[in-house]
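First to last, the protein sequences are chains D and Z.
Residue 34 is where the first sequence starts when you use our numbering, and the numbers rise one by one after that.
Residue 949 is where the second sequence starts when you use our numbering, and the numbers rise one by one after that.
No lab work stands behind these hints: they were computed from the structure.
Backbone N, C-alpha and C define an ideal beta-carbon position, used for all residues, glycine too.
Don't take every hint at face value.
[Stated by the list, open to error] Short, incomplete list of chain D residues facing chain Z, as computed with Cβ under 7 Å:
| id | residue |
| --- | --- |
| 1 | K87 |
| 2 | I134 |
| 3 | L206 |
| 4 | A210 |
| 5 | S214 |
[Stated by the list, open to error] Computed beta-carbon distance windows for the label pairs:
| id | chain 1 | residue 1 | chain 2 | residue 2 | range |
| --- | --- | --- | --- | --- | --- |
| 6 | Z | V1023 | D | I134 | 43 to 51 Å |
| 7 | Z | E1157 | D | L197 | 36 to 44 Å |
| 8 | D | S82 | Z | A1038 | 22 to 30 Å |
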Amino acid sequence: MKEPFLDVGSLITQTQTLSDMELQSYLASLSSSQQSDFTASNVADAINSVKTVKQQRYNDMADQVTGADNNLTAAAYYVARTQDLKNMAGDIDEVAVKQLITSDVNHDLAGRQYEINEWANFNKLDTLFFMQVLFICLTFIAGLLFLMNNNLVSSSLFTLLAFLTAFLAAFTLITRARNTSVMRDSRYWHKLRFPQQQDPFPSADIDLTKACKAVNDDLSDFKGVFTGGTAKSPSGPGGPPI
Amino acid sequence: MADFCSQNKESINDSNYKDSYDNAQHASSLPNSGTGFSQVGSNGLVDQSAVDAYVTTLLSKANAAPPGDTDPDDVNPASTFADSAAALRANIGSEYCFYYKRYMYALQKVLLLAATSGMNLAGNADYNSKKKVAQDLNSKLNQLLQIMQGLVNARTQSLNTYYGTTTGVNAVNQDLDNARKSLVEHMDKLQSNNMEMDVRSSMIDYTLEKNSSSRNLLAIYGFMNIVAVGLLFYLYKSSK
C-alpha cells in the first residue's frame, strides 16, 4: 500500500539529480511565464495522478466495507427473521399444546357424558320394563274382574290370581329397584358390585408334624430299600444307579 | 470516477489545512484522538495486530458491532446494526475526505515550492513545514484505509461466526426446525384428537336419541297404565 510521493523530499531530489539534459536545455529556453505554466502543468498532472490513486483506493475500500456490512446486515436480518419465525412457531405450538390439554379434558368429559347417557337410557329401559309388567298385570286383573263380573270366574279365584299378579308386579318392582340401588355399579349399567371377599388368600395353615408323619408312614413300605443318602439322592439296593 | 468528496464544499487555505478532524462536531475514526497510530512502519503501514485491536475498539465505540443471537432489548437488532454501521462508514468517509482535501492542498503547495525554489529546498522553512504536514496527512489517509481494511476483516470474521456449524444462522435454523417438528407433532395429535372428538360427539348424539326414544316409550306406557287403572276402576265400580 505504498503511495507515490510518500517521501516527497527524496523524490524531488531524485528528480533533480536524474533530470536529463534535454529537459534542462528546454527549460532554459523558456521564458519566465512559460516556465511557470510548465511547472504548474506538471504539478497539476502530478496532483491529478495522486488524486486518482487516492480516490480509487478509497472507493475500492469503501465498496468492500459496504459490501461486508451489507452481507453482515443480511445475515443479521436472516437470523432475526428466523428467530422471529421460531418464536412464532413456539407460540403456535404453545397454543396447540393448550388445545391438546383442552381436548384431553373434553375427551374425558365426552366419555363420561356418554357413560351417563347410557346409564340413564338403561335406567329408563328398566323402568319401561316395569311399566310393561304393570300394564300386563293391570290388564290381566281387569280381564279377571270382567270375567268375575260375568260370573265366569269365582270371587276367590279372582282374589287369588289378582293377589298373585299384584305380588308379581311388586316383586318385580322391588327386585329391580334393589338391584339398581344396591348391586348395580353407579358408572357402568351392566357391571354389578359384589361385597368384597374377606381374606381372599387363606394362609397355608398346615401342621408340618402331621404332614411329615404321613409321609413317613407312606414310605414305610420302602424301609430297607433305601439305606442311605438323602431324599433327593437316595442310595441303597433299590436306589437309582449312581 | 465518482468523486467521493463532492459533499465537502470546504475551502482549504493556509489557515485551516492543518486542522484536525477530531473536534466537538465529529469524532475521529483514527486512534489517539485523531492523531493516528503511534507506531507506523517506514513503509507507511501500521502493524496489523494493532489495527485489528483498534478496529474492535472502534466498533464498540461506534456501537457497530454485529448483533448477537439473543438481544431481547433490541426489537430489530439488524436494523440498528445497519444504521450504526452506515453511520460509521459515513464518518470514516467524511474524515477521509477531510484529510484528502487538505493533503491535496498541501501536496500542491509542496510541489509548487519544490518546482519554484530551485536548489535551495532544504533551507526553505515553508517548504519543510508543508512537506511535513503533507506527509502526516498522507499517513492519516493510509491509516484510514488500513482501518477500513481491518473493518472488512472484522466483518468477514463475524460472518464466519454467523455461518458457523453450531452458531448464528445454523443454530437458529436448528431451533426453528425443532420448533417446526414439535408443532407438526402436536398438530397431528390435535387432528387425531379432533377426529376422536367427532366420534365421541356422534356417540353422545346417539345416546341422546336413545334416551329420547325411551322417554317417549315411558310416556306411552305411563299413559297406557293410567288407562288400565281407569279401566280397572271402572270395572270395579260397575261390579258393585
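Against the structure, the hints come out as follows:
Here the hint on K87/D is kept, as its CB sits about 6 Å from the closest CB of chain Z, short of 7 Å. This hint is violated: I134/D has a C-beta 10 Å from the nearest C-beta of chain Z, more than the 7 Å allowed. Hint status for L206/D relative to chain Z: violated, with the closest Cβ pair at about 13 Å, above 7 Å. Using the Cβ-Cβ criterion of 7 Å, the hint placing A210/D at the interface with chain Z is not satisfied: the shortest such distance is roughly 16 Å.
Checking S214/D against chain Z: minimum C-beta separation of about 19 Å lies over 7 Å; hint violated. The supplied range of 43 to 51 Å is broken by V1023/Z and I134/D, whose beta-carbon atoms lie about 31 Å from each other. Range check, E1157/Z to L197/D: about 39 Å between beta-carbon atoms, so the 36 to 44 Å window is met. In this structure, S82/D and A1038/Z meet the distance hint of 22 to 30 Å, their C-beta atoms being roughly 28 Å apart.
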